[in-house]
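K.L.:
As you go down the protein sequences, you meet chains Z and L in turn.
When we follow our numbering, the leftmost residue of the first sequence carries the number 173, and every step to the right adds one.
When we follow our numbering, the leftmost residue of the second sequence carries the number 211, and every step to the right adds one.
Please note that a few of the clues may not be correct.
Below, simulated DSSO-like cross-link-like pairs (lysine-lysine); rule was C-alpha separation at most 27 angstroms, straight line [what the hints assert, rightly or not]:
1) 318/Z - 288/L
2) 258/L - 318/Z
3) 378/L - 428/L
4) 288/L - 176/Z
5) 288/L - 175/Z
6) 258/L - 292/Z
7) 176/Z - 428/L
8) 175/Z - 291/L
9) 797/Z - 843/Z
10) 611/L - 180/Z
11) 428/L - 178/Z
12) 465/L - 178/Z
13) 258/L - 261/Z
14) 299/Z - 318/Z
15) 291/L - 176/Z
16) 428/L - 182/Z
17) 178/Z - 611/L
18) 447/L - 180/Z
19) 266/L - 180/Z
20) 315/Z - 258/L
21) 182/Z - 288/L
22) 291/L - 178/Z
23) 292/Z - 447/L
24) 870/Z - 823/Z
The set of hints was computed from the structure by calculation and includes no laboratory data.
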Amino acid sequence: MAKKAKQKFKNRALIALALTCILGFGVGGFGVFNAAVIHGEEYKYKAKSQQLSDITVMARRGSIYDSNMNVLAKSADAWTVFIDPSEIKNEETREIVAKGLSEILEVDYDSVYEKCGREKYSYIRIKRKVEYDKKTELEAFIKANKGLHRIIGFEDDVIRYYPYGNFASTVLGFTADDDVGRSGLEVHYNDVLTGTYGRYITAKNARQFLMSSDYDSYYAATQGASLGLTMDQVIQYYLDSALEQAVVDHGATYGYGIVMETKTGAILAMSTKPDFDANNPYKINNEKVLEEIDAIEDEDEKNAAIAAARYGQWRNRTITDSYEPGSVFKCITAAAALEENVVTTDEMFYCSGSYQVKDRMYHCFRREGHGREDFVTAMKNSCNPIFIEIAQRLGPKTFYKYFDAFGLTEPTGIDLPGESIPKANVTYYTANRFTAVSLASCSFGQSFQLSPIQVINAINAIANNGKLMQPYIVNAIYDETGNKILQTKPTIKRQVISEHTADQVTYLMEQVVKSGTARNGYVAGYRVAGKTGTSEKLPDKTYNISSFCGFAPADDPQITVLIVVDEPKSGAYTGGAVAAPVAAEVIQQTMQYLNVEPQYTEEELAKLDMKAPQLVGSTVAQATKDAKAIGYNVKVIGEGETVLNQTPVAKQVIPKNGIIVLYTDSKSETKKVKVPNLCGLSISDASRVARDAGINIKVSGCTRGTVVSYRQSIATDTEVAMGSIITVSFKTEVNVQD
Amino acid sequence: MAEKRRKNSFLFAEGGFDIPFLLIVLALLTIGLIMVFSSSYTYCYYNKGDSLHYLKRQLAFAVVGVIVMLLASRLNYKIFKVFAKPVLSVSFILLVVVLLVEPPAGYENFHRWLSVGPINLQPSEVAKFAIILFFAHHMSEHYRAINSDQLSNASFAQGFNQNPGGIKIYERHVCLALYIAILGATCFLVYLENHVSGTLLIAALGVMMLWLAGYDYKAFVIFGIIGIVLVLLVVTKPDILPEHAQPRISAWLNKDFDPRGARWQTNNALYAIGSGGIFGVGLGNSQQKQLYVSEPQNDFIFSILCEELGLIGAFAIIGLFIALVYRGFLIGIRSRDKFAALLAMGLSFQVGLQAALNICVVTDILPNTGISLPFFSYGGTALLMLLGEMGIVLAISRNAKIKKV
Numbered sequence: 173m174a175k176k177a178k179q180k181f182k183n184r185a186l187i188a189l190a191l192t193c194i195l196g197f198g199v200g201g202f203g204v205f206n207a208a209v210i211h212g213e214e215y216k217y218k219a220k221s222q223q224l225s226d227i228t229v230m231a232r233r234g235s236i237y238d239s240n241m242n243v244l245a246k247s248a249d250a251w252t253v254f255i256d257p258s259e260i261k262n263e264e265t266r267e268i269v270a271k272g273l274s275e276i277l278e279v280d281y282d283s284v285y286e287k288c289g290r291e292k293y294s295y296i297r298i299k300r301k302v303e304y305d306k307k308t309e310l311e312a313f314i315k316a317n318k319g320l321h322r323i324i325g326f327e328d329d330v331i332r333y334y335p336y337g338n339f340a341s342t343v344l345g346f347t348a349d350d351d352v353g354r355s356g357l358e359v360h361y362n363d364v365l366t367g368t369y370g371r372y373i374t375a376k377n378a379r380q381f382l383m384s385s386d387y388d389s390y391y392a393a394t395q396g397a398s399l400g401l402t403m404d405q406v407i408q409y410y411l412d413s414a415l416e417q418a419v420v421d422h423g424a425t426y427g428y429g430i431v432m433e434t435k436t437g438a439i440l441a442m443s444t445k446p447d448f449d450a451n452n453p454y455k456i457n458n459e460k461v462l463e464e465i466d467a468i469e470d471e472d473e474k475n476a477a478i479a480a481a482r483y484g485q486w487r488n489r490t491i492t493d494s495y496e497p498g499s500v501f502k503c504i505t506a507a508a509a510l511e512e513n514v515v516t517t518d519e520m521f522y523c524s525g526s527y528q529v530k531d532r533m534y535h536c537f538r539r540e541g542h543g544r545e546d547f548v549t550a551m552k553n554s555c556n557p558i559f560i561e562i563a564q565r566l567g568p569k570t571f572y573k574y575f576d577a578f579g580l581t582e583p584t585g586i587d588l589p590g591e592s593i594p595k596a597n598v599t600y601y602t603a604n605r606f607t608a609v610s611l612a613s614c615s616f617g618q619s620f621q622l623s624p625i626q627v628i629n630a631i632n633a634i635a636n637n638g639k640l641m642q643p644y645i646v647n648a649i650y651d652e653t654g655n656k657i658l659q660t661k662p663t664i665k666r667q668v669i670s671e672h673t674a675d676q677v678t679y680l681m682e683q684v685v686k687s688g689t690a691r692n693g694y695v696a697g698y699r700v701a702g703k704t705g706t707s708e709k710l711p712d713k714t715y716n717i718s719s720f721c722g723f724a725p726a727d728d729p730q731i732t733v734l735i736v737v738d739e740p741k742s743g744a745y746t747g748g749a750v751a752a753p754v755a756a757e758v759i760q761q762t763m764q765y766l767n768v769e770p771q772y773t774e775e776e777l778a779k780l781d782m783k784a785p786q787l788v789g790s791t792v793a794q795a796t797k798d799a800k801a802i803g804y805n806v807k808v809i810g811e812g813e814t815v816l817n818q819t820p821v822a823k824q825v826i827p828k829n830g831i832i833v834l835y836t837d838s839k840s841e842t843k844k845v846k847v848p849n850l851c852g853l854s855i856s857d858a859s860r861v862a863r864d865a866g867i868n869i870k871v872s873g874c875t876r877g878t879v880v881s882y883r884q885s886i887a888t889d890t891e892v893a894m895g896s897i898i899t900v901s902f903k904t905e906v907n908v909q910d
Numbered sequence: 211m212a213e214k215r216r217k218n219s220f221l222f223a224e225g226g227f228d229i230p231f232l233l234i235v236l237a238l239l240t241i242g243l244i245m246v247f248s249s250s251y252t253y254c255y256y257n258k259g260d261s262l263h264y265l266k267r268q269l270a271f272a273v274v275g276v277i278v279m280l281l282a283s284r285l286n287y288k289i290f291k292v293f294a295k296p297v298l299s300v301s302f303i304l305l306v307v308v309l310l311v312e313p314p315a316g317y318e319n320f321h322r323w324l325s326v327g328p329i330n331l332q333p334s335e336v337a338k339f340a341i342i343l344f345f346a347h348h349m350s351e352h353y354r355a356i357n358s359d360q361l362s363n364a365s366f367a368q369g370f371n372q373n374p375g376g377i378k379i380y381e382r383h384v385c386l387a388l389y390i391a392i393l394g395a396t397c398f399l400v401y402l403e404n405h406v407s408g409t410l411l412i413a414a415l416g417v418m419m420l421w422l423a424g425y426d427y428k429a430f431v432i433f434g435i436i437g438i439v440l441v442l443l444v445v446t447k448p449d450i451l452p453e454h455a456q457p458r459i460s461a462w463l464n465k466d467f468d469p470r471g472a473r474w475q476t477n478n479a480l481y482a483i484g485s486g487g488i489f490g491v492g493l494g495n496s497q498q499k500q501l502y503v504s505e506p507q508n509d510f511i512f513s514i515l516c517e518e519l520g521l522i523g524a525f526a527i528i529g530l531f532i533a534l535v536y537r538g539f540l541i542g543i544r545s546r547d548k549f550a551a552l553l554a555m556g557l558s559f560q561v562g563l564q565a566a567l568n569i570c571v572v573t574d575i576l577p578n579t580g581i582s583l584p585f586f587s588y589g590g591t592a593l594l595m596l597l598g599e600m601g602i603v604l605a606i607s608r609n610a611k612i613k614k615v
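Sequences are here, hints too, so could you generate the full structure?
P.N.:
This is how it looks when you write it as structure tokens:
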């Protein structure tokens with residue numbers, strides 16, 4: 173019995189042992205085998221895919237420089253700040269995090285607070301493109317509060333700076349959040365600027381911290397290359413400001429302008445106004461457009477309008493848009509005719525005021541006609557009938573030959589995106605599609621469309637001894653260490669007209685500026701050659717496009733300039749009245765900046781400004797005598813014997829007959845005067861008003877014929893030192909038709 | 211072999227103890243300590259600021275534990291009989307008290323711990339010991355009655371038994387009722403702690419003790435049926451479980467359930483085992499302990515062991531556990547009395563059962579129920595108790611008829 177009981181106990185214990193080992197450890201052991209061997213590879217792969225971090229090593233985007241290596245666009249390191257809301261355990265922490273982030277990053281508290289509450293998420297982005305100083309501040313905040321390092325994190329990001337905001341923004345373009353170019357040079361040269369991303373593969377832990385490991389491997393990134401532009405920051409600034417002012421002055425829709433280096437076709441400046449702020453490209457810059465958008469009530473329409481406005485402001489309209497060039501085109505017609513010897517400059521014509529082509533009657537804008545005139549005068553008068561006549565002499569075939577030769581049937585191929593592509597028999601006529609009537613309209617620049625870059629490039633061929641250039645804006649490409657890896661060489665596309673013909677057309681154009689329709693384009697000392705254009709905008713012809721295209725100096729052209737003002741609404745609407753003064757301003761400033769030596773005619777010399785003499789240190793009597801000897805008026809302030817100070821100071825340029833204020837007493841304060849209104853006056857009236865007020869004026873712009881001042885550099889009623897110099901701009905007020 | 215009867219004093223035992231058992235325990239303890247350090251240093255670095263945080267504590271408890279074990283092994287095991295009822299009473303008191311004490315922050319739903327200074331006592335650990343000790347004592351006293359048709363002489367039973375031809379109440383049934391009552395009450399209280407795995411383990415231990423005591427097969431068929439019904443019920447209607455346990459069942463049934471939440475720990479344990487493969491990535495080289503396996507030093511320490519030491523290392527550890535259980539079984543069946551046998555087997559089988567359950571959980575064969583791996587998982591008080599219990603087994607071994615090495 174005892175033995176049997178003992179055996180039973182032993183059996184029971186054995187069964188318990190067996191069950192524990194087989195059911196427990198057997199199954200458990202199988203579980204290990206299953207996970208380690210049967211599913212081993214699968215689990216191992218999943219483990220590796222969560223443990224390995226494959227980081228893209230960002231390649232820094234290249235910079236964009238102007239021709240003097242001034243930075244126009246540059247990338248810098250930035251960071252994206254994110255939070256892990258699942259780590260926020262209580263209300264107190266949530267408030268601390270929301271408060272800190274909203275204050276440091278300048279984001280909305282409520283929005284951050286709300287994001288902190290999404291406890292199911294472990295990654296929510298708070299702000300992108302956070303700069304270094306903000307990141308440092310945030311790191312200090314994280315350190316100061318316990319546990320925040322588990323909640324707030326940083327990721328590498330990059331930020332693109334455009335130091336001057338909307339400076340040349342339609343040319344430079346901008347990059348989107350993904351660091352990819354979206355417009356302008358940024359998109360055209362995106363591949364060059366981007367470089368090649370690298371990779372860094374290493375182990376990480378579950379909180380994404382990287383760990384040193386035997387696994388890591390590094391593939392270095394290649395930094396993006398940089399662009400050196402032909403654009404000159406200073407000339408661009410002249411063009412930008414002149415155009416911007418013109419758009420405001422004339423209530424115009426747009427202003428486009430290009431300054432080209434005549435001999436190379438390099439773009440020195442290129443501007444579309446209004447443009448946008450490249451640092452904030454999605455903001456609509458045009459207040460008028462913004463008001464219109466705000467007025468839209470329908471949400472979908474509104475969004476569509478916003479999108480359209482954005483795309484609109486990003487466009488570089490100097491290359492994407494086309495327009496009827498109008499009378500500017502007469503230069504091309506003249507060049508063709510002179511080259512083909514169907515006309516000479518001294519050939520006499522008779523303008524009766526109208527010209528009949530088939531059943532169509534063309535009128536000269538001067539209904540009574542210009543009467544007898546030679547070809548030079550016809551050009552100066554921009555006389556349509558004469559140009560219709562010479563186009564008929566050329567015939568459609570030859571006319572088209574030159575149209576094509578001047579590069580007007582193809583894009584110029586400038587290294588910028590979105591250039592408009594001419595379409596045969598849509599934007600222009602081919603030789604076999606010309607009728608006598610369409611040939612007539614084409615002769616004076618109507619019934620076909622060109623882009624501004626095409627127009628300036630064609631006119632530039634005339635300035636450049638008949639050589640048509642390939643326009644370009646990127647001068648050189650530099651690698652990350654600054655080595656030049658590519659240098660653009662100017663490319664001559666072809667000789668379109670002979671040098672002789674080019675000289676003849678230049679002569680014609682110089683006459684147009686001297687005493688023709690483009691007198692407002694005149695710049696003393698620099699022989700400007702140019703032609704104005706005014707064309708009615710289709711479909712309803714309510715608005716005009718006013719333009720001026722020219723170059724200077726005529727004997728050795730350095731720059732070619734095109735100014736187009738789209739839909740001027742100030743009353744003035746002709747190219748001569750609207751666009752030519754803008755061009756004159758740009759040409760004058762650019763010529764001086766480029767140190768082109770002015771060559772004055774006798775007539776110009778008579779009106780020329782002079783440099784103020786050094787009078788400080790002389791006795792009052794001597795100083796007065798010296799000043800008067802060279803034609804200056806003197807005003808003495810103080811009781812002293814010797815001149816202690818003078819306004820304007822020595823070597824400052826002041827007009828003849830100007831005033832110099834001499835201070836003889838160290839105690840006497842600078843004498844202040846109020847600036848009078850100098851607008852709407854003739855040159856002599858303005859000079860008198862200025863003299864009476866005790867200030868000097870510097871005359872700028874067109875000074876020939878009946879001219880009226882339209883702008884002054886210092887506003888009326890501003891207090892200035894007596895003897896200060898104020899620049900007053902003049903132009904002819906006559907809307908001379910062209 | 212000539213039997214040499216050793217003379218025991220009332221308090222102390224004479225003679226050598228079972229060296230293999232001691233070696234197995236020390237081997238498991240040593241490897242366990244190494245694994246606690248290896249698996250916890252990253253976790254400690256990020257959460258405690260000191261990579262050695264857990265190792266230091268576990269080591270301190272291990273040293274004290276080994277001393278306690280050696281002291282306990284000197285005792286005459288018979289004196290534990292005296293403690294059977296008091297320990298059971300203390301166990302019940304603790305199980306009630308723990309329900310009344312505010313749990314620590316972050317564990318609001320889990321009334322599992324009683325904290326006194328550095329001691330974090332789990333009353334359920336005490337309950338396991340209490341059940342084994344009390345059952346061993348009571349069963350040994352009633353072993354003959356349980357295994358025979360002895361009528362109960364309890365006062366309430368005498369009425370029936372003296373009535374010829376009526377229903378007979380046997381002593382074994384009275385005992386069974388007592389065991390089931392004690393086991394049921396303990397399980398119920400542990401279940402109230404929201405401690406499902408503890409409940410299951412205690413129930414399994416109790417049933418195993420009943421089995422060893424020699425109860426009829428039929429009873430275990432009924433237990434088996436009840437168990438199967440409960441499992442089916444839980445699987446089909448998880449919402450009868452406490453709220454915290456439901457997602458664990460869902461996560462076990464559906465392998466795509468909440469991968470960043472309920473299945474995170476299990477998935478990462480599997481990834482760790484898979485990464486280890488057959489030979490392992492080498493001690494200390496686990497990647498999955500880099501915060502992927504949450505609290506890798508606790509219930510899932512075995513997955514890190516698998517990753518670092520591979521299938522071979524894991525099987526070696528399983529072998530050590532089996533050896534421990536087998537040695538406990540040998541000590542048991544060669545003991546001189548039933549109390550010693552039941553106590554030694556109960557204690558060593560408890561270790562084996564818990565280890566096997568833990569490994570099944572880590573390998574996703576059972577739901578993630580929160581069961582620790584003896585000698586490995588971090589937890590000083592539990593380790594201390596465990597080593598004390600191993601000391602008792604060693605004490606019993608001094609009087610067992612086994613070859614002393």
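K.L.:
Does the structure keep residue 288/L and residue 175/Z at a Cα separation of 27 angstroms or less?
P.N.:
Given pair residue 288/L, residue 175/Z holds - Cα atoms ~23 angstroms apart, limit 27 angstroms.
K.L.:
Do the alpha carbons of residue 178/Z and residue 611/L lie within 27 angstroms of each other, as the hint requires?
P.N.:
holds, 14 angstroms
K.L.:
Do the alpha carbons of residue 176/Z and residue 428/L lie within 27 angstroms of each other, as the hint requires?
P.N.:
The hint holds at about 20 angstroms.
K.L.:
Keeping to a limit of 27 angstroms between CA atoms, is the pair of residue 258/L and residue 292/Z held or broken?
P.N.:
This hinted pair holds, its Cα atoms lying about 25 angstroms apart.
K.L.:
Check whether the Cα positions of residue 428/L and residue 182/Z lie no farther apart than 27 angstroms.
P.N.:
Between residue 428/L and residue 182/Z the Cα gap is close to 19 angstroms, so the pair holds against 27 angstroms.
K.L.:
Decide if the proposed pair is consistent with the structure: residue 258/L and residue 261/Z, CA atoms, cutoff 27 angstroms inclusive.
P.N.:
Holds - the C-alpha atoms of residue 261/Z and residue 258/L are around 18 angstroms apart, at most 27 angstroms.
K.L.:
Going straight from one Cα to the other, do residue 258/L and residue 318/Z come out at no more than 27 angstroms?
P.N.:
Holds. Residue 258/L to residue 318/Z sits at ~13 angstroms (cutoff 27 angstroms).
K.L.:
When you check the alpha-carbon spacing of residue 288/L and residue 176/Z, does it fall within 27 angstroms?
P.N.:
holds, 25 angstroms
K.L.:
Compare the distance between the alpha carbons of residue 447/L and residue 180/Z with 27 angstroms, and conclude whether the hinted pair is satisfied.
P.N.:
Given that 27 angstroms is the threshold and the Cα spacing comes to 40 angstroms, the pair is violated.
K.L.:
Does the alpha-carbon distance linking residue 611/L and residue 180/Z stay inside the 27 angstroms limit?
P.N.:
holds, 18 angstroms
K.L.:
Given the hint that residue 292/Z pairs with residue 447/L, test it: the Cα-Cα distance must not exceed 27 angstroms.
P.N.:
holds, 26 angstroms
K.L.:
Taken at face value, is the distance from the CA of residue 288/L to the CA of residue 318/Z at most 27 angstroms?
P.N.:
violated, 55 angstroms
Against the hints set out earlier in the document, violations occur for numbers 1, 12, 18, 19.
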